[in-house]
Amino acid sequence: GNSVTQMEGPVTLSEEAFLTINCTYTATGYPSLFWYVQYPGEGLQLLLKATKADDKGSNKGFEATYRKETTSFHLEKGSVQVSDSAVYFCAVWEKTGRRALTFGSGTRLQVQP
Amino acid sequence: DVKVTQSSRYLVKRTGEKVFLECVQDMDHENMFWYRQDPGLGLRLIYFSYDVKMKEKGDIPEGYSVSREKKERFSLILESASTNQTSMYLCASSPGGKAKNIQYFGAGTRLSVL
Numbered sequence: 015g016n017s018v019t020q021m022e023g024p025v026t027l028s029e030e031a032f033l034t035i036n037c038t039y040t041a042t043g044y045p046s047l048f049w050y051v052q053y054p055g056e057g058l059q060l061l062l063k064a065t066k067a068d069d070k071g072s073n074k075g076f077e078a079t080y081r082k083e084t085t086s087f088h089l090e091k092g093s094v095q096v097s098d099s100a101v102y103f104c105a106v107w108e109k110t111g112r113r114a115l116t117f118g119s120g121t122r123l124q125v126q127p
Numbered sequence: 447d448v449k450v451t452q453s454s455r456y457l458v459k460r461t462g463e464k465v466f467l468e469c470v471q472d473m474d475h476e477n478m479f480w481y482r483q484d485p486g487l488g489l490r491l492i493y494f495s496y497d498v499k500m501k502e503k504g505d506i507p508e509g510y511s512v513s514r515e516k517k518e519r520f521s522l523i524l525e526s527a528s529t530n531q532t533s534m535y536l537c538a539s540s541p542g543g544k545a546k547n548i549q550y551f552g553a554g555t556r557l558s559v560l
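Protein sequence lines, in the order shown, are assigned to chains A and B. Sequential numbering from 15 applies to the first sequence in the numbering used here. Sequential numbering from 447 applies to the second sequence in the numbering used here.
Just so you know, these hints were derived from the structure itself, not from any lab. Quick caveat: nothing in here was measured; it's all calculated off a predicted structure. Glycine included, each C-beta is placed from N, C-alpha and C at the ideal position. A portion of the hints provided could be inaccurate.
[Unchecked claim] DSBU-like mimics (lysine-lysine), calculated; alpha carbons at most 35 Å apart, straight line: (1) B:K464 to A:K63; (2) A:K66 to B:K546; (3) B:K546 to B:K516; (4) A:K91 to B:K449; (5) B:K464 to A:K66; (6) B:K544 to A:K109; (7) B:K459 to A:K66; (8) B:K459 to A:K70.
[To be verified] Some residues of chain B that are not near chain A, with every Cβ distance over 10 Å (derived): (9) L467; (10) R490; (11) L491; (12) N530; (13) V559.
Okay, chain A solo, but in the shape it has when bound:
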């Protein structure tokens, strides 16, 4: 089956620092890849996605590129803000087979002023 591995947190950064959260996956075929974000006290919401190799998903200053050769989908942001403090989940969707997402364990980001 599918699996997703994320870097362990928490990741603690100062405001305006550069962010990278690593994500690698295992899947058969050509899955779609996602980043979801969970702000304190809320459910998850979609942050960005990519559906094929070399696609770049982007939203709210965050970016991630679908790298099939390294089976990775690392999340990056050039300058984080305190309001970015949240838990970030990488997820994979196999286009055949089970019709559900497989999530990583989540990475907590804390941004200090």
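Starting from the structure of chain A, add chain B where the hints point.
Positioned in the frame of chain A, the structure of chain B alone reads:
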């Protein structure tokens, strides 16, 4: 905006009780999902449903059942709650067709079993 509503934010139940967690979505989505979220384990899929009265087991269905009698409502049932079912439970829904892989989540129900 899509709204996924979970009936309770916090629940405290006793071991052996039958527990119902309710989830309602207002966007006529075909697919609905129940996950549990635990520290260090991320989200694990319990059950999902792709149509009324249809259900499929996820990765950790043991100790749980589900009901989907109406399209907008998906219930998670703990037949006899145990302390290892203390967790955050998240409901999600997604449309059919090409957007079926975009899931919309409720705010979660934090269940404590004493």
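Hint check results:
Under the criterion of a C-alpha separation no larger than 35 Å, the hint pairing K464 of chain B with K63 of chain A is inconsistent with the structure, at around 38 Å. For the hint linking K66 of chain A to K546 of chain B, the alpha-carbon distance of about 16 Å falls within 35 Å, and the restraint holds. Among the hinted pairs, K546 of chain B with K516 of chain B is consistent with the structure: their alpha-carbon atoms are about 19 Å apart, no more than 35 Å. With a C-alpha separation of about 28 Å, the suggested pairing of K91 of chain A with K449 of chain B holds against the 35 Å cut-off.
A C-alpha spacing of about 44 Å is found between K464 of chain B and K66 of chain A, which places the hinted pair above 35 Å, so the restraint is violated. About 10 Å separates the Cα atoms of K544 of chain B and K109 of chain A, which keeps this hinted pair within 35 Å; it holds. For a cut-off of 35 Å, the pair hint linking K459 of chain B to K66 of chain A is broken: about 45 Å separates their Cα positions. For the hint pairing K459 of chain B with K70 of chain A, the CA-to-CA distance comes to about 45 Å; that exceeds 35 Å, so the pair is violated.
With a cut of 10 Å on Cβ distances, L467 of chain B stays outside the contact zone with chain A, its closest approach being about 14 Å. Distance check for R490 of chain B against chain A: the nearest CB is about 8 Å away, which does not clear 10 Å, and the non-interface claim fails. The claim that L491 of chain B is not at the interface with chain A is violated, since a C-beta of that chain comes within 10 Å of its own (minimum 5 Å). Every C-beta of chain A lies more than 10 Å from that of N530 of chain B, the closest at about 18 Å, which supports listing it as non-interface.
Here V559 of chain B stays apart from chain A, with its beta-carbon at least about 21 Å from theirs, past the 10 Å limit.
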